[in-house]
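First to last, the sequence lines map onto chains D and F.
1 is the number of the first residue of the first sequence in this note's numbering; add one for each residue after it.
1001 is the number of the first residue of the second sequence in this note's numbering; add one for each residue after it.
It should be emphasised that the hints constitute simulated quantities derived from the structure, not laboratory data.
Nothing here was measured: the structure is a model prediction, and the numbers come from that model.
Hints may be right or wrong, so weigh each one.
[What the hints assert, rightly or not] When the alpha-carbon atoms are kept at most 20 Å apart in a straight line, the in silico PhoX-like pairs for lysine-lysine are as follows:
#	chain 1	residue 1	chain 2	residue 2
1	D	157	F	1388
2	F	1290	F	1264
3	D	388	D	216
4	F	1216	F	1388
5	D	248	D	216
6	F	1271	F	1290
7	D	290	F	1290
8	D	216	F	1157
9	F	1364	D	388
10	F	1157	F	1290
11	F	1216	F	1248
12	F	1248	F	1271
13	F	1157	D	388
14	D	157	D	290
15	D	322	D	364
16	D	248	D	271
17	D	290	D	271
18	D	157	F	1271
19	F	1264	D	290
20	F	1364	F	1322
21	D	271	D	243
Number of protein chains: 2
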Amino acid sequence: MRAEIITIGDELLIGQVVDTNSAWMAERLNEIGVELYQITSVHDRREHIVAALDEAFSRADIVLTTGGLGPTNDDITKHVLCEYFDTHLIEDQRVRAHIMDLYHERPDVLNRLTATQWLVPENAEILENRVGSAPLMVFHHGSQLLASMPGVPYEMKIAMEEQILPYISRQLSAISNQIIHRTLQVTGIPESSLAILLEGYESSMPADLHLAYLPKDGIIRLRLSSYGELSEEEMNRWFAELKTLVAKYLISDTDEPLEVILGKLLVARGKTISTAESCTGGKLASLLNKHAGSSAFYYGSIISYDNSVKEHLLGVPNELIKTRGVVSEEVAHIMAESVRRQLNTDYSIATSGIAGPTGGSIEKPVGTVWIAWATPQGTTAECFHLGKLREQITDRACTKALVGMIERVRGFED
Amino acid sequence: MRAEIITIGDELLIGQVVDTNSAWMAERLNEIGVELYQITSVHDRREHIVAALDEAFSRADIVLTTGGLGPTNDDITKHVLCEYFDTHLIEDQRVRAHIMDLYHERPDVLNRLTATQWLVPENAEILENRVGSAPLMVFHHGSQLLASMPGVPYEMKIAMEEQILPYISRQLSAISNQIIHRTLQVTGIPESSLAILLEGYESSMPADLHLAYLPKDGIIRLRLSSYGELSEEEMNRWFAELKTLVAKYLISDTDEPLEVILGKLLVARGKTISTAESCTGGKLASLLNKHAGSSAFYYGSIISYDNSVKEHLLGVPNELIKTRGVVSEEVAHIMAESVRRQLNTDYSIATSGIAGPTGGSIEKPVGTVWIAWATPQGTTAECFHLGKLREQITDRACTKALVGMIERVRGFED
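Isolated chain D, as found in the complex (with noise of 0.2 Å):
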């Protein structure tokens, strides 16, 4: 069973709006056995749609499409599917009743645009879209299938959730081809050595299975896939090998983030952590409390952008300011541990750092970071040299730091 995904919509040809959609629906396809051949994304234009259209019906059993499905008159999506299955719109009463209520506390909302969403394809199924307004459309095309979803994200996603994924779970009869993917995290060795230290295993590898490299900001995901024959328990045997001969390296034989891989580490040691921020400025707060269940070890961050922040809520001297510089060694044990104390946690981490464009010295040039750790066994620090961009530098300081941690919560456990 194969998949394409259509997205429709001139913001993503003009780079307004980033296709976050694409990834999520591939990673929910591959868990119910579909592969996703091909993502292509079009403007709202007739003649593209329909040929996009065509190109993907000569691929793929399913089409999805998201889209320019709103109520303006920049999005056709419906009115090009209407023609492309030769068909005309007609009221639906269901989707007009649902509507009816989505929007009973906005009446301003129910004006003659609203109303048009709930004129349908007569030929199309209805599915219901629960969080908004546009009619969720199914077609069929011979044995093929396309499905029609919005493009905002909380839609789409409560829409293939609810609706598009059990709906092509009941279409596959019984899955054939079984899609596995193993993936497992190092650091700490260049992707090329990684590629030389496997290439034993790479070429005693069967024909379908594939070994992928993933480096992103210090870490190499190695992920292990099978389209086809290859049972669960040979696919565990060949990942269990691979673990056996990365084991140096290893930081997770899971995909999950790093944040969740320490959050469960945390809730499993009934431990607790914070963080004091200077060039990371809370986008690792935000990582560290981004997924459900993170107050079980998460307390809190004082975010000390400003040098005053750092002396008058975390303590830092200012003389100690003046002669080793705010991004120090120093500095930093400083704000670990003040945070550890103040907010009572077991573990913390602090982050200074020159994200630039400005800043820099030649002693310490943009990019420059320390992180400490503070623990209940000590406080240690780590100076890192992470690139020219600002974004790539507190990216990649995040990393650091929950590599670090991880470590040392590991660590004191073994």
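Go by the hints and put chain F onto chain D.
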């Protein structure tokens, strides 16, 4: 001049990586007058890459590819391009010297896999990749052009800015078609009502002028686009008329992110800001210091995720939390005033809400968020209901917080 982007990598099609490159590239191409016609994401598979190249060359003058240029076996783009353009790999001494220089402090990287990076297609022009080992390759295909870049976002961005965009600009002897986009942002009106308000305007627009509605988190971006005949003066006139029509709802007549708009307002007035965050947990802080120059107005934050931090660092009385609840007007007030006073800033914002999935009640369901704004003129707070999904709630809370602050900073000046 028309371009297409082909992003290459299994990770995109199994949802392991979100393609942020394409939006960034699209924006840059538009700026120099190149229209992006389609974005296609394909697997690291020979026959699939070849099919995508054929299709792209049937439509576009310029084809840009990203990804598949690493030294490991799963990366095949360079080999496929060699075959596609009927050439073979030769050693490039300039690239070799560059890689030697790049890794002179890390001899472990200079292994035989890295050495494959200085093998380049004989008939390609090789441009310098200043920050990585994969050479940038430009192929000529009759009058058409293909440029191949790494998929790592930092490397791609530097390659585009320093090499590929100047290269394309030189090819554009004269920009015949000027692409102009103008965007403004409004709030406080439903999308459909806005469209009805603008019906007369839209029906009077010339055929090559296009109006798009981009709603997100309670903000609607309205974008006027011209891909051709309209002069800058005509465009300015249309945009000015649009601005007048939506004046009542206008937040900004630019496409700048809200945090940039607020930052500029504060800098122009010589004012500073801090935040006290509970449910947004650092997201607001990291928005405020995301962009270069933020140290001029942003001082820092106290992230009080746990109630103990609200009590001890923000002075919220335990009694008040017990009687009014932590998600309440009173608590948000105290949080905002406390952080403003402690960090000694002119303004501050506080958030306290229920991001879910647990923690909701009948009176205060998941999605309930109190936001308080402290200013030299006093403190005000507002309660919002921002949906059901954790990420949606915290994103929308940040939007509401920034809009409220922009209105207050502006209001006191008018």
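Do the hints match the structure? See the list:
For the proposed pair residue 157 (chain D) and residue 1388 (chain F), the alpha carbon gap of about 12 Å is at most 20 Å, so the pair holds. Between residue 1290 (chain F) and residue 1264 (chain F), the direct Cα distance comes to roughly 13 Å. Compliance with the 20 Å bound is thereby established for this hinted pair. Only pairs whose Cα atoms come within 20 Å are accepted, and residue 388 (chain D) paired with residue 216 (chain D) is accepted, the gap being roughly 15 Å. For the given pair, residue 1216 (chain F) sits about 15 Å from residue 1388 (chain F) by alpha-carbon distance, which is consistent with the 20 Å threshold.
At most 20 Å may separate the alpha-carbon atoms for a hinted pair to count; residue 248 (chain D) and residue 216 (chain D) meet this at roughly 19 Å. Only pairs whose Cα atoms come within 20 Å are accepted, and residue 1271 (chain F) paired with residue 1290 (chain F) is accepted, the gap being roughly 18 Å. A threshold of 20 Å between alpha carbons decides the hint, and for residue 290 (chain D) with residue 1290 (chain F) the separation of about 17 Å falls inside it, so the pair holds. Using a Cα cut-off of 20 Å, the hinted pair residue 216 (chain D) and residue 1157 (chain F) holds, with the two alpha carbons roughly 15 Å apart.
Proposed proximity of residue 1364 (chain F) and residue 388 (chain D) is contradicted: the alpha carbons are some 45 Å apart, above 20 Å. With a C-alpha separation of about 18 Å, the suggested pair residue 1157 (chain F) and residue 1290 (chain F) falls inside the 20 Å cut-off, and the hint holds. For a cut-off of 20 Å, the pair hint linking residue 1216 (chain F) to residue 1248 (chain F) stands: about 19 Å separates their Cα positions. Distance check on the hinted pair: residue 1248 (chain F) and residue 1271 (chain F) sit about 26 Å apart at the alpha-carbon level, beyond 20 Å; violated.
At most 20 Å may separate the alpha-carbon atoms for a hinted pair to count; residue 1157 (chain F) and residue 388 (chain D) meet this at roughly 12 Å. As the CA atoms of residue 157 (chain D) and residue 290 (chain D) are separated by approximately 18 Å, the hinted pair is consistent with the 20 Å bound. Between residue 322 (chain D) and residue 364 (chain D) the alpha-carbon distance is near 15 Å, which keeps this suggested pair within the 20 Å criterion. Annotation: proposed proximity of residue 248 (chain D) to residue 271 (chain D) is violated, straight-line Cα distance about 26 Å (limit 20 Å).
For the hint linking residue 290 (chain D) to residue 271 (chain D), the alpha-carbon distance of about 18 Å falls within 20 Å, and the restraint holds. Between residue 157 (chain D) and residue 1271 (chain F), the direct Cα distance comes to roughly 40 Å. Violation of the 20 Å bound is thereby established for this hinted pair. Only pairs whose Cα atoms come within 20 Å are accepted, and residue 1264 (chain F) paired with residue 290 (chain D) is rejected, the gap being roughly 28 Å. Taken as a hint, the residue 1364 (chain F) and residue 1322 (chain F) pair is honoured in the structure, with Cα atoms around 15 Å apart against an allowance of 20 Å.
For a cut-off of 20 Å, the pair hint linking residue 271 (chain D) to residue 243 (chain D) is broken: about 28 Å separates their Cα positions.
When each numbered hint is compared with the structure, violations occur for hints 9, 12, 16, 18, 19, 21.
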